[in-house]
Amino acid sequence: MEKAIKRYWPVFVLPTLIAFIIGFVWPFIWGTGLSFCKFTTVKNVQFAGLSNYKMIFMDDTFTHAFWFTAAFTVVSTVLVNVLAFAIALLLTRGMRGTNAFRTIFFLPNLIGGIVLGYIWQILLNGLLSAWGKSLLALNATYGFWGLIVLMCWQQIGYMMIIYIAGLQNVPTDLIEAARIDGATSSQILFKIKVPMVMPSVTICTFLTLTNSFKLFDQNLSLTAGEPAKQSMMLAYNIYDTFYARSGPQWKGIGQAKAVVFFLFVVVISLLQLHFTRSKEVQA
Amino acid sequence: MKAKKTLSVTLAAAMAAGLLVGCGGSASTATSTAEAASTADSTSTAASTEAEAPAAAGKVYYLNFKPEQDEAWQDLAKKYTEETGVPVTVVTAASGQYETTLMSEMAKSDAPTLFQVNGPVGLANWKDYCYDLSGTKIAGDLTSDTYALKDGDQMLGIGYVIESYGLITNKTLLEKAGYTVDDIKSFDDLKKVAEDITARKDELGFSAFSSAGMDGSSDWRYKTHLANLPIYFEYQEDGIDNTDAIKGTYLDNYKNIFDLYINNSTCDPAELAGKTGDDSRNEFLNEEAVFYQNGSWEYTNLVGDGKPFTDDDLTMLPIYIGVGDEANQGLCTGTENYWCVNKEASEDDINATLDFMYWCVSSDEGTKAMANDMGFVIPFKNAVESPNVFVKADKEMTAAGKTPVAWNFSTMPSENWKNGVGSALTAYAAGTGSWDDVVTAFVDGWASEAALNAAA
Amino acid sequence: MGATKKDRRINAVLSVLLTILCIAWMYPVFMILMNSLKTERAITTTHAFELPNAETFVGLKNYIYGIQEMDFLSSFWYSLVITVSSVALILLCCSMCAWYITRVQGVLGKGMYYLCVFSMIVPFQMVMFTLAKTADTLKLNNPYNICIIYLGFGAGLAVFMFTGFVKSMPIAIEEAAMIDGCNPIQIFFKVVCPILKPTMISTAILETMWVWNDYLLPTLVLDIKTYRTIPMAIQYFRGSYGKVEMAPMMACIMITVLPVIVLYLLCQKYIIDGVVAGAVKG
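Protein sequences appear in the order of chains A, B and C.
Residue numbering for the first sequence follows our numbering, starting at 1 and increasing by one per position.
Residue numbering for the second sequence follows our numbering, starting at 1001 and increasing by one per position.
Residue numbering for the third sequence follows our numbering, starting at 2001 and increasing by one per position.
Treat the hints as calculated values from the structure; they're not laboratory data.
Incorrect hints may appear among the rest.
[Unchecked claim] Within a straight-line C-alpha distance of at most 27 Å, the following computed BS3-like cross-link-like pairs (lysine-lysine) qualify:
{"id": "1", "chain 1": "A", "residue 1": "38", "chain 2": "B", "residue 2": "1079"}
{"id": "2", "chain 1": "B", "residue 1": "1078", "chain 2": "C", "residue 2": "2139"}
{"id": "3", "chain 1": "C", "residue 1": "2225", "chain 2": "B", "residue 2": "1368"}
{"id": "4", "chain 1": "C", "residue 1": "2225", "chain 2": "B", "residue 2": "1127"}
{"id": "5", "chain 1": "A", "residue 1": "38", "chain 2": "B", "residue 2": "1127"}
{"id": "6", "chain 1": "C", "residue 1": "2225", "chain 2": "B", "residue 2": "1079"}
{"id": "7", "chain 1": "B", "residue 1": "1343", "chain 2": "C", "residue 2": "2139"}
{"id": "8", "chain 1": "A", "residue 1": "54", "chain 2": "B", "residue 2": "1127"}
{"id": "9", "chain 1": "A", "residue 1": "133", "chain 2": "B", "residue 2": "1201"}
{"id": "10", "chain 1": "B", "residue 1": "1381", "chain 2": "B", "residue 2": "1079"}
{"id": "11", "chain 1": "A", "residue 1": "6", "chain 2": "C", "residue 2": "2225"}
{"id": "12", "chain 1": "C", "residue 1": "2190", "chain 2": "A", "residue 2": "6"}
{"id": "13", "chain 1": "C", "residue 1": "2139", "chain 2": "A", "residue 2": "38"}
{"id": "14", "chain 1": "C", "residue 1": "2197", "chain 2": "A", "residue 2": "3"}
Could you build the full structure based on these sequences and the hints that come with them?
Quick look at the structure:
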C-alpha cells in the first residue's frame, strides 16, 4: 500500500510543495539573507554584515514597540481567557437562550481586522470626546486600552466556543459525585472543571498569545501608531520601518527587525507550549 | 533510500527553480513589462483602437498622491490615451500611505514611471530614482525656477500645483457680526474682531474660530502650517532659507495667534484634544464659526453640490501674527507636491511620461482639467485660471502688491519634530502643559533633530 | 428541590445580565448601521451616538454613493474570487498532501510536516517583502492566481489540521479498497475524502476567515493598478489633509459585514463545530 501511494507523490505532494516553496520557503530564506544587506529594491543589494542588527537596538521606536506589545500581549491574553472562560461557564449551566447568546458572542470574530479597527475608532472617539477626554490618536494609554477592548470583543467569542466544548466534555457523573461528597461549587470549579479543561486552556492561551503578539490590522486601523508611534506594536513597527521610512538603510533594518520578531515568536511559542503542557500532565 | 534520493533531487530542483526565478528577475523584466504593456494597452485603449496610429512605444504609470483628485486624473488619463494611444494608468494611494505604496510599487517589475515627493526631505529618500529633468520641455515651461526641486545641478522634481492657505472666512457671518473683511488688516484687528464675536457669542449664535482639532487628521494645521509663519519671518529677518538651529524669535507671536484660536473657538480649549479635522470642517459648514484655518484644497469640500456655500460667501484672509509689514502680507503660498520621473523605467516609458506631463500642463484639455476639475493652480506658462475662490483671493492679493508667505515648512527637520511640537501644543491647549514646553520642543527639538539628520 | 428553585432564580438573573451584555456586544455594529444612514455632516465625534432624525436621515444615499464611487462591487467580486479559489485550492492540495505524508513514511513527508508546523508560527512581516517580490516576478499578482500564494503561505495550518485527523483514521478501509483494485487517487477521492469532510469544513472556515479579511498580503502582492479587495477599498475613504468620508465608509462597512453575518446565521452550526474541531485538532 505504502509503495503504491509513494509512486503518486507528484500528484499528492508536488502542487503543495511547489506553492509552499514559492509562498514560504524561498521568501523566508531570501528574507533572512536580506537582513544582512543594505538595499532599496533588490537591485542594489550590498552585504552589510550585522550592522542592521546593531541599528535595531539604536532605534528606540522598536524597543518601545516591544514593551508596548509585551504589555498588550500579557493583558489581552489574561483578560480574553478569563472572560471567555467565565462566559463559557455561564453558558454551560443549561439556561434558556444559550444558543442565541453563543451566536452573538461569536459574531465579532467574523469581522475583519481593518473594519473592526474603524468601527471601534468611531465608537471610542465618540465616547472619549463625550467624556471630554482626548482622542485615541492623541494618547497612547487610551490607544492601548482601545486595542485591548477591541481584542476582547473580537477574541472572546472564539475562545468561549473552545471552552464550552471543553466544559461539555467534563463527565457529569464526576461533578455529581463530587457534589454528593460535599464539594462546594468553587471547589468543583477549581478542582475538577479547570484541570479537566486544561487542554482547552493550552489551545486558547496559545492562540491569544500569538494573535496578540502578531497583531497588525487592528493596530493599523485603530490608532495607526499615533501619537508619534507611541501606540505602535511590533508587527506594525516592522512594516512602518520597511515601507514608510524610505531610504536605503531602513529596508535592511526592517528585514532584520522581522528576523528578531520571528525569533521572539518562536521562543514565546515554545515556552508557552512547554509551560502549559507540563501543567497538563500534573493535572 | 530511494525516497531520500527523490527528495533531495526534487528539493534541489525546486530550489534551483526558485533561485532562477529570484535572480532572473531583472533579466526577465524587459519581457514581462512588454507583456504587461501590451495587455494594459489592449484594455485601456479598447474603446479607441483606431486612435492608436501614432502610438509611442512607452507607457505611463502615475502614482497619484491626492485622493480628492483621483477621479479627475482618471478622466484626464483616459482622454490622453484616446488622443495619443499611449496607455496611462493612474493609481491613487490611500491617504497617509503614499510612502508605503510607493515603496511597495517601486519594488515591482512594473513600477510607477511618475511619482511625487513632498520637498527636499522627501527627495533625499528617492533621489537615486529621480530622472534629471533639466532641459526637458516641461522644465522649460515653468514660470519660475523656484518651483523646481534641485539637487546640485540636477533638476529632480517639478512642482505641479501651487496651493495657498490662510483663514477661510465666512463673509456672510462676518457681516452679521457687524464687520467686513476690510476691517481685518492686522493681527490686532483680527484679535479685536474675534474677541468681540466671542463676547457676543450667545447673541450671535456662532463663534469666531472653528475648533482647532489636535488629532492626526487636523494637527498639521497648527504644528506645520501655522508654525510656518514664525519660521518664515525668522528666515526673512536673518536672510536665510534653511537652518540647523532655529532661534524662535517670533514664538511669542506664535503663542498669541494660537491663544486667539483656542480661546475664541466653538468649544472650551480643554476639549480641543477631542476634536478631529472633520469636526472642525463640519462646524464651519454648519455655520457655527466665522474663521477656519485651512487651504485652497478645501474648496471642493465647502462649495458645490450639496454644500451650503457659494463663491460669494467665502474668502481667505492672510494669517496675521503681528510681525513684519502686515499691510502687505499675503496668503501662505507654495507647493509640497513635486513630480519626479522614475529613472529606472525604460527609455520609452520615460519619454512617454515626459510627454504626458508636458501635455497635462500645456495642452488645452490638460490645463483645463487641472484648473477646473482639480482646482489646481499650476506654475506653468499655459495655465488656465482656476475657479477656486481661494486661489482667486491669492491672485488678487499678489496683484495688489502683497507678498505671499513662502512654505518654509519643507525645511522642518523631521516628522518627529512636528510631532513633538504637536504634542506640546495639544498639552498646552488642554492646560496640562505650559508654553515653555512648546518653546523647548520647537527650539531644542529642532537642534537635536537636525543633528540626527546630519549624523545619518 | 430548594436548590433547583435557587438555581432557577440565579439563572433568571444571569439571563438578564447576559442579555444586557449581548446588547452591548452588538452595539458597535448597530451604531455603524445608524450612522451609515445619516448625512455626512451629522457624524462628528460628539454626534456619533445620536440616532438619525428627520433632518439627518438620508436613507440609502451613502450606500449608493459608496458603491458607485469606490467601485465597491468589483472589490467585492475580487475578494470573493480570491477567497473561494484560495480556500478550494488549499482544501484540495493540503488534504492530499496530508494524506500522503501520514501514510507514507519517509523523509519527504516528515520534512514537509515539520516545515508546515514551522511555517505556522512565522509572522507575515518576515516574508512580506520577498514574498511580494517573488509573486511579482512570477506574475502571481491578480485575483485569479493569487490563490497559489495563499496555498503556499496557508498550507501550514491546513496540512497540520488534516494530518492530525488522518492519523486517527483506520487504514483498513483504504487497504480494502486497494485490494478491490483502486489506485491511490481513486482511494483518496472515494474513500478518504468523505471521511475527511468534517475536517474539511473546519479548515474551510478557518481559511475563509483569514483570506476574506486579509489586508496586508493582497495590498503588497496584488497589482493595485487594477485590483482592490474590500479591506483595501475601505482605506480609500480617507482623503489627504485628514478628510474622512465617514458616512459612505460606514455604509461600506455595513455592506462588508452584513453578508458575513447572514452567512454566519445560516450555517452557524457548522461554523461553531468547525471552530471547535479545528481548535481541538490544532
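Evaluation of the provided hints:
| no. | hint | result |
| --- | --- | --- |
| 1 | A:38 <-> B:1079 | 42 Å, violated |
| 2 | B:1078 <-> C:2139 | 25 Å, holds |
| 3 | C:2225 <-> B:1368 | 25 Å, holds |
| 4 | C:2225 <-> B:1127 | 24 Å, holds |
| 5 | A:38 <-> B:1127 | 17 Å, holds |
| 6 | C:2225 <-> B:1079 | 18 Å, holds |
| 7 | B:1343 <-> C:2139 | 23 Å, holds |
| 8 | A:54 <-> B:1127 | 26 Å, holds |
| 9 | A:133 <-> B:1201 | 24 Å, holds |
| 10 | B:1381 <-> B:1079 | 22 Å, holds |
| 11 | A:6 <-> C:2225 | 44 Å, violated |
| 12 | C:2190 <-> A:6 | 18 Å, holds |
| 13 | C:2139 <-> A:38 | 26 Å, holds |
| 14 | C:2197 <-> A:3 | 26 Å, holds |
Figure legend: structure checked against the earlier numbered hints; hints not met, in rising order: 1 and 11.
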